[in-house]
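Chains as they are written, first to last, in my numbering: chain A, 1 to 82; chain B, 1 to 472.
Any given hint could turn out to be false.
[Claimed, not checked] Simulated pairs of lysine-lysine, DSBU-like, Cα-Cα distance not exceeding 30 Å:
| id | chain 1 | residue 1 | chain 2 | residue 2 |
| --- | --- | --- | --- | --- |
| 1 | A | Lys20 | B | Lys320 |
| 2 | B | Lys462 | A | Lys20 |
| 3 | B | Lys272 | B | Lys462 |
| 4 | B | Lys379 | A | Lys20 |
| 5 | B | Lys429 | B | Lys462 |
| 6 | B | Lys429 | B | Lys444 |
| 7 | A | Lys20 | B | Lys404 |
| 8 | A | Lys74 | B | Lys462 |
| 9 | B | Lys404 | A | Lys74 |
Since the hints were made in silico from the structure, they are not lab data.
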Amino acid sequence: MSIESIVRSEFEQVAREQEKVLSGLSDDTVLLDSGLDSLCFAIIVARLEDRLGVDPFTASEDVYFPVTMGDFIKFYQDAAAG
Amino acid sequence: MPPRAEFLRAAIAGSAASLFGRRQTVRLCDMGRALDADVSGANVLLRTSNQLFAALGLIELDGVAARIVIAPPDINPEHLPAIVERAGIETVVSNDPALAIEGVNFARLHLPRPSQAGRPLARASAQEGEVAVASPAMRRPEGVKTEWVLFTSGTTGIPKMVAHSLEALTGAIPQATAQDIVWGTFYDTRRYGGLQILLRALLGHASLILSDADESAGDFLERLGRHGVTHLTGTPSHWRRALMSPANAAIHPRYVRLSGEIADQAILDSLKARFPGVPVGHAYASTEAGVGFEVTDGLEGFPASYVGRTDSKRGPVELKVVDGLLHVRSPRTASRYVGSADALIDDGWVNSGDMVELRGERYFFAGRVGGIINVGGLKINPEEVEAVINRHPGVRASRVSGRKNPFTGAVVVAEVVLTDPANDNAGFKEAIMEACRQTLPAHKVPAMLRFVPALELTAGGKLSRSQEGRRA
Numbered sequence: 001m002s003i004e005s006i007v008r009s010e011f012e013q014v015a016r017e018q019e020k021v022l023s024g025l026s027d028d029t030v031l032l033d034s035g036l037d038s039l040c041f042a043i044i045v046a047r048l049e050d051r052l053g054v055d056p057f058t059a060s061e062d063v064y065f066p067v068t069m070g071d072f073i074k075f076y077q078d079a080a081a082g
Numbered sequence: 001m002p003p004r005a006e007f008l009r010a011a012i013a014g015s016a017a018s019l020f021g022r023r024q025t026v027r028l029c030d031m032g033r034a035l036d037a038d039v040s041g042a043n044v045l046l047r048t049s050n051q052l053f054a055a056l057g058l059i060e061l062d063g064v065a066a067r068i069v070i071a072p073p074d075i076n077p078e079h080l081p082a083i084v085e086r087a088g089i090e091t092v093v094s095n096d097p098a099l100a101i102e103g104v105n106f107a108r109l110h111l112p113r114p115s116q117a118g119r120p121l122a123r124a125s126a127q128e129g130e131v132a133v134a135s136p137a138m139r140r141p142e143g144v145k146t147e148w149v150l151f152t153s154g155t156t157g158i159p160k161m162v163a164h165s166l167e168a169l170t171g172a173i174p175q176a177t178a179q180d181i182v183w184g185t186f187y188d189t190r191r192y193g194g195l196q197i198l199l200r201a202l203l204g205h206a207s208l209i210l211s212d213a214d215e216s217a218g219d220f221l222e223r224l225g226r227h228g229v230t231h232l233t234g235t236p237s238h239w240r241r242a243l244m245s246p247a248n249a250a251i252h253p254r255y256v257r258l259s260g261e262i263a264d265q266a267i268l269d270s271l272k273a274r275f276p277g278v279p280v281g282h283a284y285a286s287t288e289a290g291v292g293f294e295v296t297d298g299l300e301g302f303p304a305s306y307v308g309r310t311d312s313k314r315g316p317v318e319l320k321v322v323d324g325l326l327h328v329r330s331p332r333t334a335s336r337y338v339g340s341a342d343a344l345i346d347d348g349w350v351n352s353g354d355m356v357e358l359r360g361e362r363y364f365f366a367g368r369v370g371g372i373i374n375v376g377g378l379k380i381n382p383e384e385v386e387a388v389i390n391r392h393p394g395v396r397a398s399r400v401s402g403r404k405n406p407f408t409g410a411v412v413v414a415e416v417v418l419t420d421p422a423n424d425n426a427g428f429k430e431a432i433m434e435a436c437r438q439t440l441p442a443h444k445v446p447a448m449l450r451f452v453p454a455l456e457l458t459a460g461g462k463l464s465r466s467q468e469g470r471r472a
């Protein structure tokens, strides 16, 4: 499974659990408009850390918060590549 | 800036400021009455459906009611009978009759209208729902030193009620402030952190922009920008969310403040990068300990020199560290718990329950004692979550803890010991999680659950609780 599909599957799983309706998840979807709240993002990041072995938001030297879905996926791809 | 007034209603006299709600704006200039019922000397539960009415209720009730118990928006209706009994509630004051409690008097808040001596509404703009009221301030029987009561989070069962005086609540508010301040807050003013900002705005005759429960982060940021917010406050989790919103381009604050959770270096640096040249301060405060201190050097933690002595800059707040726990003694602490025999103050000192570690010349926050987990500013007692998990058939024991998280500070995680190891499968895990989701609010449900063969016990036979950050 690619990193992108793992990330997307976690978004869908958490949305189901939290009974949130995802309003599409294209690369330029603004995360805060995706239908998920901060708690959902917190859960997604915690689970991805277990699956992928990395939390790029905490590991990064640079201070950065993702705005779009594309940002979010790229952050994990870069962390895995680095 | 007028001299410090004894009552909230008197403190706003002459203010030209506004309270901006999502749908309505109230101008405070000689605000007319928002409550017709006589609640003099009564113990009141202020239970409102939005922050604007909470503010109006506080202005109406301070100096009139004997006790104002401020209900947070997420109060559990099942706890209401016990709260009414413990706090001796005689009247519910609310803008919404649906929030009445059976068997308790009800008094309804409305948007302020002028007294008979006043002029009619100066103008009302249909678009903003603005109500401008010009009437002489009401003469009222301002003889009562009202007790203000706030709820804590992080207890199992019924939340504790914490009593403050207006004097203690406003002790950290500077006497003189600039005239052109517009406050905004991501907090809810029905909890301690948000109430501080409301009181700061009211006493400083500054306007305040209040969020609404059904307003998106982006919409609120745009509204903050439209009203020209200059001073903006929230928890680290609130700020992380704001930094994820493209709508943060709308705001240009002159002052950024965080409190309510541990402010780590990453969020402080992110805010400095996003708002170059703007002072970013993080404050230490809690419902029980009151406003402790503010850190303005841009670094996480606080200087070790803050402990052990007071200085004029920090005011009358004393700090000490006992067994790694931060204790606070100051005139701003709460006075007692309402309806409980538990002691809040010991020889003037309040045990904050916050653990600190000294590294070099600086103290760093290291989580909460007793394993209390702080998820985005909401405190969770692990025992409450463990009780739900342990009720599930096939569970022998569980341990719930916090795991550090870049979005909400922490998330809840659980380790579970099964009665029958054969149940170690995804389906059984999901069944336990589903039971938690049915019983607990979302922030208390474990983000992750892991089966373990055994749990470590202390020498005393209790579940071992190490600090926040343990992996599950």
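Hint check:
no.: 1; hint: Lys20/A with Lys320/B; verdict: 45 Å, violated
no.: 2; hint: Lys462/B with Lys20/A; verdict: 38 Å, violated
no.: 3; hint: Lys272/B with Lys462/B; verdict: 44 Å, violated
no.: 4; hint: Lys379/B with Lys20/A; verdict: 23 Å, holds
no.: 5; hint: Lys429/B with Lys462/B; verdict: 25 Å, holds
no.: 6; hint: Lys429/B with Lys444/B; verdict: 16 Å, holds
no.: 7; hint: Lys20/A with Lys404/B; verdict: 24 Å, holds
no.: 8; hint: Lys74/A with Lys462/B; verdict: 44 Å, violated
no.: 9; hint: Lys404/B with Lys74/A; verdict: 22 Å, holds
When held up to the earlier numbered hints, the structure conflicts with 1, 2, 3 and 8 and fits the remainder.
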